[in-house]
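Colleague: As a plain string of letters, each chain reads:
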Amino acid sequence: MTKRKENPWQFKFSFALVIVMLFLVLGYFAQSFLEIRKVKPVRVAIERISGAPAEPDISPTDAPAVEAEKKEVPDS
Amino acid sequence: MTSTAKQGSSWGRVLEAFAWASLLAAFIIGQIAAQTDYEALLKQQLPDLELTRSTEGSSLPVVFRVKTDGKPSPDAIVMSEGVGYGGPLIVGIRARRTDEGARLNEILVLSHKETPSFMVRLNRGHFFRQFAGKSVTDNFIVDDDIDAVSGATVSAEGFTAAIREAVHLGAVQHLQLPQTWQEPEWHIGSNELILVTLFLLAFFGAYRRDKLARYARTIVMVGTLLFVGFYANASLNLGNIAGVFMGFIPSPKQYPMWWIMMVGALGSVIVLGRNIYCHQICPFKVVQDLLQKISGVKLRIRPEVQRKSRALIFFLSWISLLLIFLSAHPALGSYEPFAMMFSLEGLGIQWYILPAALLGSLFVPSFWCRLFCPVGLYLNEMVRLRRGVRERLFGGGGGKPRTGSGKTIKVEQE
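Chains A and B are the protein sequences, given in the same order. Residue 66 in the working numbering sits at position 66 of the first sequence, with consecutive numbering throughout. Residue 1337 in the working numbering sits at position 337 of the second sequence, with consecutive numbering throughout.
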């Protein structure tokens, strides 16, 4: 049985691809986390439990969509 | 077992327990935070209006009477909830009373969990504009009096269903109008038949090894790329799986394709013990295979990276699930590039993840599937679990667990 010849160049290149992708995915998580922080889910939950006026948990991605729709829909 | 191995094993258990506990905590916090204060949500969008809730209780739809400058206005706002592709969505419908009933003059998207690319599609397709001026007694049925937007069909269905439910209930309860509209029927059309056919052909191709099976696999490959990928953009992702745990399940009437996809993917694992979805139905796998054929380069991965890929995907999906549960927003944590690949709409770092995944697939066979895909790992783990259960119940002799393409799980996870 012949042993497959190891090629360090191949390993290095594929490893670099994996590392780049890993950092990108972690970057995506960081971006998502920042989005969630804008929504402040934990604060909203605590305020509701204590009965204080609640802050709306609208997603930050909603605002442009709503604004766009407001502009698009004519007021009859 | 040596003391070092024992120590490693106990650390593994501690980490596993911590992972489960943190996911449970994130889920509970997310669920508490997701309770909606409809009035606050609406007042934030329409701060100039004086709104009076006309029905008590929290059940939807909630109707608000509108007053302007202290005087009653002919407008009312109805709020309702629906289920889109990513989860629940809340809409506010501003309707104005007329002699024959009432007409819609504004749709407010107050909250949604849709993948941002789907929302971009709806807005670019002027989806919400078509509701303006419609009577509350219209049908509000997609492909009837409402046009869907290609590539965001489920979101369009979800929003339409929420609006329909709100205006029709408002028409009956508040305007005492007779029901003259049609109720939506089961939506089994050509799309659903195509998806069922693709699954059947995939099962056929997975079990047979003759020329006919090769033809079937080719048809499935082309069909899934064009239909599941570019046409329906309905690839399974971690958000779908997390959504099930959070109860974001669309009704079969609203989105039968979701059910066909789930039943096909999970059914093939549970009933047949094969991961048919990853190997034959996933359109991103087809893209990766095509890139491999184009480049002809098959770089090997360092063996230790190969061995740790399972742990890496579990780690990534743990972070992803934490984000999803905490925000109750499945699309926020799903890091897969599928939706973006087939819609070419994305936000932020997603624009870099997709090209990097494609570049990796050009040089390393099934780069994404082997090293990063949580759906593939979970389905393969289910195949493994099923095999274990089967061996316990019926004894050994089950042989190696096989995936849809006939490869062993070990090969898949390499």
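A hint or two may mislead.
Claimed, not checked - Think about it this way: if two alpha-carbon atoms lie no more than 25 angstroms apart in a straight line, the pair counts; the simulated SDA-like pairs of lysine to any residue are: (1) B/Lys-1293 / A/Val-20; (2) B/Lys-1308 / A/Leu-34; (3) B/Lys-1298 / A/Phe-29; (4) A/Lys-12 / B/Pro-1088; (5) B/Lys-1308 / A/Glu-35; (6) B/Lys-1293 / A/Phe-11; (7) A/Lys-12 / B/Lys-1043; (8) B/Lys-1043 / B/Ser-1150; (9) B/Lys-1308 / A/Asn-7; (10) B/Lys-1293 / A/Phe-13; (11) A/Lys-12 / B/Leu-1359; (12) B/Lys-1298 / A/Leu-34; (13) B/Lys-1298 / A/Glu-35; (14) B/Lys-1308 / A/Leu-26; (15) A/Lys-12 / B/Glu-1165; (16) A/Lys-12 / B/Leu-1291; (17) A/Lys-12 / B/Pro-1355; (18) B/Lys-1308 / A/Phe-15.
Just so you know, the hints here were simulated from the structure itself, not pulled from any lab data. Since we're looking at a predicted model, the values are computed, not measured.
Colleague: Run the distance test for A/Lys-12 versus B/Pro-1355: straight-line Cα separation, threshold 25 angstroms.
Modeller: Holds, because 20 angstroms separates the two Cα atoms, which is no more than 25 angstroms.
Colleague: What's the verdict on B/Lys-1293 and A/Phe-13, does the C-alpha distance respect the 25 angstroms limit or exceed it?
Modeller: holds (19 angstroms)
Colleague: Is A/Lys-12 close enough to B/Lys-1043, meaning Cα to Cα at most 25 angstroms?
Modeller: With Cα atoms ~56 angstroms apart, A/Lys-12 and B/Lys-1043 exceed 25 angstroms; violated.
Colleague: Taking only the CA atoms, is the gap from B/Lys-1293 to A/Val-20 under or equal to 25 angstroms?
Modeller: Roughly 23 angstroms separates the two Cα atoms, so the pair holds.
Colleague: Is it true that the CA of B/Lys-1308 sits at most 25 angstroms from the CA of A/Asn-7?
Modeller: holds (20 angstroms)
Colleague: Take a quick look at whether B/Lys-1308 and A/Leu-34 sit within 25 angstroms of each other, Cα to Cα.
Modeller: Measuring from Cα to Cα gives roughly 29 angstroms; hence the hint is violated.
Colleague: If you draw a straight line from the CA of B/Lys-1298 to the CA of A/Leu-34, is it 25 angstroms or shorter?
Modeller: Outside the cut-off at roughly 38 angstroms; violated.
Colleague: Within 25 angstroms, alpha carbon to alpha carbon, are A/Lys-12 and B/Pro-1088?
Modeller: violated (45 angstroms)
Colleague: Compare the distance between the alpha carbons of B/Lys-1298 and A/Glu-35 with 25 angstroms, and conclude whether the hinted pair is satisfied.
Modeller: Between B/Lys-1298 and A/Glu-35 the Cα gap is close to 38 angstroms, so the pair fails against 25 angstroms, i.e. violated.
Colleague: What's the verdict on B/Lys-1043 and B/Ser-1150, does the C-alpha distance respect the 25 angstroms limit or exceed it?
Modeller: Violated, at roughly 33 angstroms.
Colleague: Is B/Lys-1298 within 25 angstroms of A/Phe-29, Cα to Cα?
Modeller: violated (30 angstroms)
Colleague: Tell me if the straight-line CA distance from A/Lys-12 to B/Leu-1291 falls inside 25 angstroms.
Modeller: Holds, at about 21 angstroms.
Checked against the numbered hints given earlier, this structure breaks hints 2, 3, 4, 5, 7, 8, 12, 13 and 15; the rest are met.
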